[in-house]
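Asks: Sequence:
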Amino acid sequence: MSDAPTTPPGSASPEELRNAMKAFKKRLKLSRLDDESSLGRGPLSGGKSSGLVAITPPSQYPRAVWDELVAAGRLKYAGQGMYQLADG
Numbered sequence: 114m115s116d117a118p119t120t121p122p123g124s125a126s127p128e129e130l131r132n133a134m135k136a137f138k139k140r141l142k143l144s145r146l147d148d149e150s151s152l153g154r155g156p157l158s159g160g161k162s163s164g165l166v167a168i169t170p171p172s173q174y175p176r177a178v179w180d181e182l183v184a185a186g187r188l189k190y191a192g193q194g195m196y197q198l199a200d201g
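Position one of the sequence shown corresponds to residue 114 (the numbering used here), numbered consecutively onward.
Simulated from the structure, these hints should not be mistaken for laboratory data. The reader is advised that the hints may include incorrect statements.
With a straight-line cut-off of 27 Å between C-alpha atoms, the simulated DSSO-like cross-links for lysine-lysine are [what the hints assert, rightly or not]:
| no. | residue 1 | residue 2 |
| --- | --- | --- |
| 1 | Lys142 | Lys161 |
| 2 | Lys138 | Lys189 |
| 3 | Lys189 | Lys161 |
| 4 | Lys189 | Lys139 |
| 5 | Lys139 | Lys161 |
| 6 | Lys189 | Lys135 |
| 7 | Lys161 | Lys138 |
| 8 | Lys161 | Lys135 |
| 9 | Lys142 | Lys189 |
Remember, it's a predicted structure, so these values are computed and weren't measured experimentally.
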């Protein structure tokens, strides 16, 4: 028998939710940077901020984790498997 606390099936631990949110924010940041640094922009242009708001979440976490973050109000489901930050 294990002494580890058990969680109901389908629910993620607070630590797993925190790590998933951190991974989501990092992927969103990198996706925005990639979008802003595309080669199609002119060298003398003032630059353009990314209009990217929704991404496919990292696959190392199951969909149930992302659904819990949506239920907690931290993310919004944007459709077609994509999520966005709830505050932005």
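Asks: It remains to establish, for every hint, whether it holds in the given structure.
Replies: Here's how the hints hold up against the structure:
With a CA separation close to 15 Å, the supplied pair Lys142 and Lys161 stays within the 27 Å bound. With a CA separation close to 13 Å, the supplied pair Lys138 and Lys189 stays within the 27 Å bound. With a C-alpha separation of about 25 Å, the suggested pair Lys189 and Lys161 falls inside the 27 Å cut-off, and the hint holds. Note on Lys189 and Lys139: the hinted pairing holds, with a Cα-Cα distance of about 17 Å set against a maximum of 27 Å.
Between the alpha carbons of Lys139 and Lys161 the distance comes to roughly 20 Å, so the proposed pair stays at or under 27 Å and holds. Annotation: proposed proximity of Lys189 to Lys135 holds, straight-line Cα distance about 15 Å (limit 27 Å). Of the supplied pair hints, the one linking Lys161 and Lys138 holds, its CA atoms being roughly 21 Å apart against a limit of 27 Å. As the CA atoms of Lys161 and Lys135 are separated by approximately 26 Å, the hinted pair is consistent with the 27 Å bound.
Distance hint between Lys142 and Lys189 is fulfilled; the C-alpha atoms sit about 17 Å from each other, no more than 27 Å.
In this structure, none of the earlier numbered hints is contradicted; all agree with it.
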